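Colleague: Residue numbers are given in numbering that gives the first Met the number 0: position 185 of the sequence shown equals residue 184, and the series is strictly consecutive.
Possibly wrong hints are sitting among the right ones.
To be verified - List time: in silico BS3-like cross-link candidates among lysine-lysine, alpha-carbon distance up to 25 Å:
hint: 1; residue 1: Lys343; residue 2: Lys248
hint: 2; residue 1: Lys270; residue 2: Lys284
hint: 3; residue 1: Lys9; residue 2: Lys270
Just so you know, the hints here were simulated from the structure itself, not pulled from any lab data. All values reported here derive from a predicted model rather than from experimental measurement.
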Amino acid sequence: MAETFDLVLKGANVVNHDGIGQRDIGIRDGRIVRLGEFSADAGEIVDCTGLHILPGVIDTQVHFREPGAEHKETLETGMMAAAAGGVTGVFEMPNTNPLTTSPETLKQKLDIAANNPWTNYAFYFGGTAENSKNLPEWENLAGVCGVKIFMGSSTGNLLVATDEEVEAVLSNGRRVVAVHSEDEMMMIENKKNILGDSTDPAMHPVWRSVESCLSSTKRLIRLAKKTGRNVHVLHITSAEEMEFLAQHKDIASVEVLGNHLTLHAPECYDKLGTHAQQNPAIREKEHQNALWQAINNGLVDILASDHAPHTLEEKAQTYPQSPSGTPGVQTLVPIMLDHVNNGKLTLERFVDLMCYGPQRIHQIAEKGRIARGYDADFTIVDMNMVCEITNAQQKSRAGWTPFDGVKVKGWPVITMINGQTVMRDDELLQKVGRPIRFRETLKAV
């Protein structure tokens with residue numbers, strides 16, 4: 000007698016921890032219950048011949064601006080953009096208004112997200128010297144993916160610049176601390192003495208220099224080792240930082256962004272102006288080459304978008320009054336699939352960076368692999384589909400992308416979350432997301 004499933008995905012190339020192979024996937028009650036070749040009765044059978052099924056992609060760094068700057072983005076429009084781009088789960092950052100630095104502000108975001116949950120979601124808790132004593136309790140609240148600190152100022156007001164402030168956060172709690180690592184004091188001096196009165200966006204990587212990032216990261220690692228706290232160093236941009244972090248993998252994990260792997264100075268500033276302005280800065284080709292080397296030698300743990308939308312009117316301001324940040328959650332998967340097709344990385348490494356990496360570093364429960372008992376979250380892609388990325392496609396409220404007009408090969412065609420199809424052939428269908436669970440917090444869910 001044939002086994003009964005809610006849904007069967009048939010005939011796809013499944014990309015998993017044990018390689019790529021053709022398998023069927025049986026799903027029941029939103030979970031994977033069978034893998035392989037089998038006969039089945041199912042409520043729905045989806046023919047995936049010619050497609051690749053990946054574990055659901057998780058973007059571990061997005062800024063959705065709600066509450067406080069809903070004119071740029073809301074949690075709903077940000078999750079819509081994610082689902083449209085093949086992303087099944089997002090980690091949203093705490094530099095909103097109010098800052099996500101208390102149980103009350105965390106609950107506000109969880110309540111808003113639950114109203115229109117296009118994807119699964121979790122939130123970083125902002126770490127400060129003022130709330131550090133409460134972090135051992137608060138970091139384990141349901142829906143929290145970890146603690147975030149900004150050692151260099153960026154959008155919002157969540158700066159933890161001094162060694163004393165950083166150490167206060169690192170000394171309290173167990174969860175991984177994600178760090179925006181730029182040296183605030185050095186950048187203040189650079190802005191005064193190097194940037195001066197310049198209005199040229201190409202000065203951005205000079206102002207927010209390699210030396211600033213390396214100085215901050217060296218300080219961070221020293222304090223992490225002093226306190227015994229694991230740190231996740233976000234959006235690394237330079238060869239020097241990669242060389243340094245390779246010596247400290249015992250305590251530090253590493254993130255790289257799709258933008259830094261795809262765009263480089265000075266060409267991006269010549270073409271895009273302030274639309275290429277983000278923190279840390281997009282740098283020269285030699286640094287981009289070092290990032291790719293770190294991707295391919297296994298040093299990098301996670302690939303993310305750092306989706307940070309601003310309106311076109313805001314970005315049109317004269318540099319450096321123009322805000323830093325670019326949208327990216329909807330374009331991350333197709334841009335990186337194009338890199339796969341161009342031979343820059345393998346599809347298995349893509350999955351390692353965007354599925355297993357988030358699960359491993361953040362201890363996500365029941366996601367990151369295609370395995371029996373895991374949630375039925377899938378990013379299903381057509382590796383042969385050629386599409387043009389356009390501003391008009393973007394679900395983000397900001398309504399633009401630095402990749403407008405770029406043709407890519409490789410495209411997400413189905414986003415499946417908790418066993419339900421959320422996006423198919425660029426059409427959003429239903430809202431089925433829920434808070435992401437973590438092994439540290441299972442007792443609190």
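Colleague: Checking against the hints above, which ones are violated?
Modeller: Hint 3 is the one this structure does not satisfy, whereas the remaining hints hold.
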